[in-house]
Amino acid sequence: MADNNSHQPGQARAKGPTVADTLTADRVAPPQALLDNRYDFLGDDIIACSRYTSREFFDREMRDVWSKTWQWACREEHVQDVGDTYVYDIGPYSVIVVRSAEDTIQAFLNSCTHRRTRILAGEGTGYSAGFTCPFHGWSWHLDGSVDNIPGAWDFPHVGADTHGLESVGCERWGGFVFINLDPTAKPLADYMDVMPEHFAQFPLDRRKVTLHVQKILPANWKSAQEAFMEAYHNFETHNAPNGANAQYDIFGKFVSRFIHNIGNYSPEALADYPGDKWRAPPLTENEVLETLSIHGLEHDEVPPGETARAVAAADLRKLLGEKWGVDLAAVSDSIMLDSIEYHLFPNMFFFPGITIPMVYRFRPNGEDVDTAIFDLMILEPLADGASHPAPPDPVRVEIEESYTEVPGLGWLGAVYDEDTSNLLQQQQGMKSSPNGGVTLGNYQEARIRRVHLTLDEFLRES
Amino acid sequence: MEEKQYTWVAALCDLPQGDIQCVEFDDREVLICHTAEGVFAVDNLCSHAEARLSDGRLKGLKIFCPLHGGSFDVRDGSALTRPAMTALASYPVRVEGDDILLAASD
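Residue numbers (the numbering used here), protein chains in the order written: chain Z, 47 to 508; chain L, 132 to 237.
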């Protein structure tokens with residue numbers, strides 16, 4: 047505490063080596079993007095619980111945020127062929143993404159321009175040679191133009207120029223298809239800050255979806271995503287030693303990042319954590335390597351003069367490179383091992399890592415304030431020259447079910463159970479304190495504050 | 132119990148995995164679907180508006196109708212997404228060498 051008080055707010059850091067220290071000491075050096083470190087103190091005001099629990103706030107978010115922000119709806123490979131569709135639902139809104147021509151992906155409101163029936167039912171992939179409303183049979187071509195209106199004699203006031211499907215903003219980046227319901231929205235690139243530049247060094251379009259898990263979480267969408275925005279919880283929630291000295295970056299209003307080293311940790315960073323666990327004595331390099339054995343490493347001991355981190359990264363380059371038919375020889379230790387998480391406002395997370403290769407999306411569950419939909423995708427590198435396979439359908443996990451029951455999730459199942467295990471109690475606790483608020487760490491939880499500040503800008507603009 | 136009578140309807144070599152084919156069987160149009168989990172057969176006319184599912188698209192274990200985008204599980208014909216609400220008839224399939232054989236729907 048004394049140390050913290052001697053710094054300007056937000057300037058204090060955990061003791062021990064920084065992430066940058068670790069990365070610069072790595073055997074295979076990181077790309078420059080990972081050495082980029084930006085943080086500004088964003089304030090330390092309490093965040094009102096009502097932002098997570100009130101219907102009024104939720105409705106404002108729906109009107110002023112979800113209908114005005116870019117969100118990825120699907121991957122390009124979900125709509126590989128002409129006529130392939132993907133329905134994306136957000137709150138009361140529903141959008142059809144369609145490959146309308148070989149090189150064209152478009153998005154339309156999923157709402158008949160006659161009497162507003164949803165044209166396609168149910169989120170997810172589909173196929174349609176054209177669109178036909180199931181109510182009266184009005185139909186449109188894949189590009190949204192009117193095809194046929196049965197009984198057109200009764201609709202002299204309806205024309206191709208007035209009743210085409212309503213277009214929705216649609217752009218592509220990193221193999222994802224983004225939509226924006228706001229016809230006046232600025233281009234996606236205006237919201238991405240450093241992401242295009244950084245991800246040019248680890249492109250996500252050359253990845254394939256190997257698993258998609260969709261689970262309802264018992265909390266407001268913001269608390270659900272905030273459970274994944276810091277590594278401060280690792281000690282208590284995951285019973286894990288690393289995370290106390292993670293690096294947090296705020297790149298702008300819309301993009302933030304953490305880098306959380308795997309395969310090493312700082313015992314000094316745990317100085318004021320309870321007990322002596324992992325601190326006195328600290329883990330040996332062999333014991334650290336043991337924590338990485340979940341990946342099936344070749345080594346079970348660290349050779350003299352080596353580090354667990356370097357050994358694990360080298361083993362995984364070989365193992366996963368051969369398994370996937372991908373050349374990982376030049377991939378840095380950090381990209382191989384670390385949990386590197388970029389957040390794009392309002393609700394998207396992208397991981398450029400190799401062993402931590404996830405994408406997350408959190409959104410309200412329909413119009414329920416108290417539950418959220420968590421989409422988790424695993425994106426493995428795609429072999430050189432290979433084309434994208436069709437992505438698997440989402441594995442849907444009910445609110446009370448465990449991630450450990452998801453085939454293919456492996457060791458991550460237990461981790462996600464831990465990550466989501468506090469959410470119900472947190473949502474309940476917020477409701478128990480309607481006039482109370484959330485207190486955030488100045489550094490480790492700054493990404494959460496950044497989202498709230500940007501959220502406020504959208505609410506104010508309206 | 133009387134054993135089912137199976138009838139030859141198509142050659143497996145003409146139906147690569149991921150493909151569909153419409154055949155005549157029992158005076159009906161039947162759609163043969165070669166999926167990663169095997170070969171399945173369901174009625175070819177959508178139970179909603181009778182569009183031909185053979186003009187639609189097989190994705191995994193689902194067949195999508197080209198008209199309204201309704202979908203069915205090809206394993207048992209069950210309707211998965213609106214506006215399709217009524218299951219398609221499904222047919223027992225046997226694959227013997229290169230022969231795809233069908234029996235009458237249960």
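There's no promise every hint is true.
Claimed, not checked - Selected chain Z positions facing chain L (in silico; Cβ < 10 Å):
no.: 1; residue: Gly56
no.: 2; residue: Asp130
no.: 3; residue: Phe181
no.: 4; residue: Pro438
The hints are simulated quantities; they were obtained by calculation from the structure and are not laboratory data.
Just so you know, these numbers come straight off a predicted model, no measurement behind them.
We put the beta carbon where it would ideally sit given N, CA and C, even for glycine.
Notebook entry, point to check: Tell me, which hint numbers fail for this structure?
Noted result: The structure conflicts with hint 1 only, although it agrees with all the remaining ones.
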